[in-house]
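Here the protein sequences come in this chain order: A and B. For the first sequence, counting from 1, position 189 maps to 189 in the numbering used here; every step adds exactly one. For the second sequence, counting from 1, position 128 maps to 128 in the numbering used here; every step adds exactly one.
Because the hints were derived from the structure by calculation, they are not lab data. Bear in mind that the values here come from a model prediction, so they are computed numbers and not experimental data. Ideal placement from N, C-alpha and C gives every residue a C-beta, glycine not left out. Hints may be right or wrong, so weigh each one.
Stated by the list, open to error - Some chain B residues close to chain A (C-beta under 10 Å, calculated; not the full set):
{"#": "1", "residue": "33"}
{"#": "2", "residue": "36"}
{"#": "3", "residue": "150"}
{"#": "4", "residue": "172"}
{"#": "5", "residue": "174"}
{"#": "6", "residue": "177"}
{"#": "7", "residue": "190"}
{"#": "8", "residue": "191"}
{"#": "9", "residue": "194"}
{"#": "10", "residue": "204"}
{"#": "11", "residue": "208"}
{"#": "12", "residue": "228"}
{"#": "13", "residue": "229"}
{"#": "14", "residue": "235"}
Stated by the list, open to error - Quick list of simulated restraints, FRET-style, between CB atoms:
{"#": "15", "chain 1": "B", "residue 1": "94", "chain 2": "A", "residue 2": "87", "range": "32 to 42 Å"}
{"#": "16", "chain 1": "A", "residue 1": "124", "chain 2": "B", "residue 2": "52", "range": "31 to 41 Å"}
{"#": "17", "chain 1": "B", "residue 1": "34", "chain 2": "A", "residue 2": "150", "range": "29 to 39 Å"}
{"#": "18", "chain 1": "A", "residue 1": "240", "chain 2": "B", "residue 2": "31", "range": "33 to 43 Å"}
{"#": "19", "chain 1": "A", "residue 1": "146", "chain 2": "B", "residue 2": "31", "range": "47 to 57 Å"}
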Amino acid sequence: MAMASAPSAVRGGARDSRQASGGFDWFLIVAILGVVAVTVRVLLFTPMELRQGLAQKIFYLHVPAAILSLYFAVVPASIVSGLYLWLKDPRLDRIAESLAEVGVMFCTVVLCTGPFWGKPIWGTFWQWEARLTSTLFLWFVLIGYLVLRGAVDQPESRARLSAVVAVMAGFLVPFIHLTVYMFNTLHPMPVVLTPNPMEQNLSPEMRQSFLWSLLAFFVLYCALVRNRYAWATARDIQLLEDQA
Amino acid sequence: MSHPTEQANPPAELPYAPPGFLRDAMRVARKDLLIEFRTRSAFIAAAVFALLSAAIFRFTWDPSAVSTLDLAPGVLWVIFAFSGILGLHRSFGIELADRALDALLASPMSRESVFAGKALANLAFIGCVQTLALPAVGLFFNLPSGKLWVGVAAASLLAAIGFVAIGTLFAAITANIRMAELMLPMLALPFFIPIIIPAAQATALLINGRPVSEAADYLKMLAGFDILFVTASTLVFPFTLEE
Numbered sequence: 001m002a003m004a005s006a007p008s009a010v011r012g013g014a015r016d017s018r019q020a021s022g023g024f025d026w027f028l029i030v031a032i033l034g035v036v037a038v039t040v041r042v043l044l045f046t047p048m049e050l051r052q053g054l055a056q057k058i059f060y061l062h063v064p065a066a067i068l069s070l071y072f073a074v075v076p077a078s079i080v081s082g083l084y085l086w087l088k089d090p091r092l093d094r095i096a097e098s099l100a101e102v103g104v105m106f107c108t109v110v111l112c113t114g115p116f117w118g119k120p121i122w123g124t125f126w127q128w129e130a131r132l133t134s135t136l137f138l139w140f141v142l143i144g145y146l147v148l149r150g151a152v153d154q155p156e157s158r159a160r161l162s163a164v165v166a167v168m169a170g171f172l173v174p175f176i177h178l179t180v181y182m183f184n185t186l187h188p189m190p191v192v193l194t195p196n197p198m199e200q201n202l203s204p205e206m207r208q209s210f211l212w213s214l215l216a217f218f219v220l221y222c223a224l225v226r227n228r229y230a231w232a233t234a235r236d237i238q239l240l241e242d243q244a
Numbered sequence: 001m002s003h004p005t006e007q008a009n010p011p012a013e014l015p016y017a018p019p020g021f022l023r024d025a026m027r028v029a030r031k032d033l034l035i036e037f038r039t040r041s042a043f044i045a046a047a048v049f050a051l052l053s054a055a056i057f058r059f060t061w062d063p064s065a066v067s068t069l070d071l072a073p074g075v076l077w078v079i080f081a082f083s084g085i086l087g088l089h090r091s092f093g094i095e096l097a098d099r100a101l102d103a104l105l106a107s108p109m110s111r112e113s114v115f116a117g118k119a120l121a122n123l124a125f126i127g128c129v130q131t132l133a134l135p136a137v138g139l140f141f142n143l144p145s146g147k148l149w150v151g152v153a154a155a156s157l158l159a160a161i162g163f164v165a166i167g168t169l170f171a172a173i174t175a176n177i178r179m180a181e182l183m184l185p186m187l188a189l190p191f192f193i194p195i196i197i198p199a200a201q202a203t204a205l206l207i208n209g210r211p212v213s214e215a216a217d218y219l220k221m222l223a224g225f226d227i228l229f230v231t232a233s234t235l236v237f238p239f240t241l242e243e
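Construct all of the structure, not just a fragment, from the sequences and the given hints.
Following this line, the structure appears as structure tokens:
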């Protein structure tokens with residue numbers, strides 16, 4: 001069934017695949033320029049935090065990466081995978097694959113930038129507390145998902161089995177979100193995305209810089225997912241051509 | 001000529017009892033346990049692995065630096081997690097020979113009951129390994145005896161339920177793919193972490209002589225994860241198998 005619907009499904013992405021195979025991706029260029037611009041703004045035109053100093057600048061990369069990897073990659077990937085199990089549309093599988101891969105990238109950024117902030121502020125690179133531990137094991141789940149995709153040759157089985165893993169990963173996300181409130185933790189509480197106005201204690205300039213960097217990384221995230229999806233479509237077209 | 005009432009009643013010896021979720025699950029579990037009982041290969045391997053690990057751990061630490069009471073819970077849960085994986089891999093491995101899995105799927109049993117049956121057999125398997133490993137660790141690490149082991153056994157049982165739900169699902173996923181022996185621990189162990197953390201914490205408290213009430217929160221968390229994992233695994237399991 002999956003093979004029968006595959007040609008019609010890949011047709012929609014043909015323009016993207018041509019672009020992936022040689023075209024110039026303006027979206028990605030704009031996204032990279034946006035990230036460069038926001039980095040300049042953060043480093044040169046945003047006030048230094050009084051107590052944390054330069055280490056606090058990591059906040060403008062670490063927090064957007066965490067938000068994007070958890071809520072814009074893992075959650076949609078598991079929802080899309082659940083839809084794949086229901087509809088069996090190969091496009092959904094390619095979207096899930098792209099989201100997971102970009103999610104792994106941002107999750108890796110979160111895990112790598114955290115220690116650089118942790119060493120000067122906490123005095124240690126790594127602390128086995130709830131949020132770090134759960135982010136680390138979400139990263140393991142994502143890596144497992146990608147390795148599983150690599151270990152299954154048959155496209156339909158690959159899509160089905162990896163969708164099951166992605167759905168299971170989705171069940172874990174609420175627990176990761178809640179860990180910060182459930183356990184005593186060293187990790188700072190949210191200062192931007194929190195319903196309590198008393199906790200929104202970020203200066204207006206820092207807040208604006210943060211929102212700009214969130215936007216810039218979101219555009220980068222969209223560009224990367226779009227690019228990865230186009231590549232997956234091109235690969236599947238190639239596969240169908242080879243079979244034909 | 002037979003009596004009319006005799007015809008109205010169903011024949012006494014049907015070749016099999018009518019289908020039903022629990023009955024099917026028990027039938028699958030019985031089949032798996034029977035295969036295991038006749039060969040005993042996986043159980044002996046897992047049990048020896050558990051005993052060997054306990055013995056090896058005994059020689060990896062400096063007894064004057066770390067007390068056995070601090071070390072034992074960690075050793076116990078490392079052994080449980082890894083010996084569990086050994087048994088789980090076998091769960092769907094035995095269905096690959098002669099394409100037995102196709103026969104299982106072609107039978108009128110629901111996939112959920114196949115999952116429940118496999119999980120029950122795995123629970124019995126892991127339970128037996130734990131029954132052997134608990135006294136072995138207690139013996140090798142000179143742990144105090146007494147009522148605390150009731151609490152540790154409860155934590156082990158709760159953890160085994162979670163292990164089995166996750167492990168059976170991932171054993172089905174990895175049954176047919178390359179490097180299944182490596183893929184199963186890689187996929188299943190991250191999901192074991194939320195089970196191992198409260199289980200090991202509860203065990204540590206109990207072994208150190210604290211009352212069960214102090215470990216109750218961890219046991220509740222363990223039960224919570226069991227409910228989550230059993231429900232989620234049962235829901236997605238039917239998608240892991242294709243005829």
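Any CB of chain A closer than 10 Å to the CB of residue 36(B)?
26 Å, violated
Tell me if residue 191(B) is really an interface residue toward chain A, meaning its C-beta lies closer than 10 Å to one of theirs.
7 Å, holds
Does residue 235(B) hold up as a contact with chain A if the rule is Cβ-Cβ below 10 Å?
Cβ of residue 235(B) sits 8 Å from chain A, so the hint holds.
Take the shortest C-beta to C-beta distance between residue 190(B) and chain A; is it under 10 Å?
Interface hint status for residue 190(B): holds (4 Å vs cutoff 10 Å).
Tell me if the interface restraint on residue 150(B) is satisfied: Cβ within less than 10 Å of some Cβ in chain A.
This hint is violated: residue 150(B) lies away from chain A, its Cβ roughly 27 Å from the closest one there, beyond 10 Å.
Closer than 10 Å between Cβ atoms is the bar; does residue 177(B) clear it against chain A? Give me holds or violated.
With a closest approach of 5 Å, the residue 177(B) hint holds.
Verdict for residue 146(A), residue 31(B) (Cβ pair) under range 47 to 57 Å:
35 Å, violated
Does residue 204(B) pass the interface hint, meaning its C-beta sits closer than 10 Å to a C-beta of chain A?
14 Å, violated
Hint residue 174(B) vs chain A: min CB-CB distance below 10 Å?
Nearest chain A Cβ about 8 Å off; hint holds.
Grab the minimum C-beta distance from residue 33(B) to chain A and call the hint holds if it beats 10 Å, violated otherwise.
Where the cut-off is 10 Å and the nearest Cβ of chain A is about 26 Å from residue 33(B), the hint is violated.
Restraint check, 10 Å cut-off on beta carbons, for residue 229(B) near chain A:
At about 8 Å, which falls below the 10 Å cut-off, the nearest Cβ of chain A leaves the hint on residue 229(B) intact, so it holds.
Status of the residue 228(B) interface restraint (C-beta, 10 Å, chain A)
6 Å, holds
When held up to the earlier numbered hints, the structure conflicts with 1, 2, 3, 10, 11, 19 and fits the remainder.
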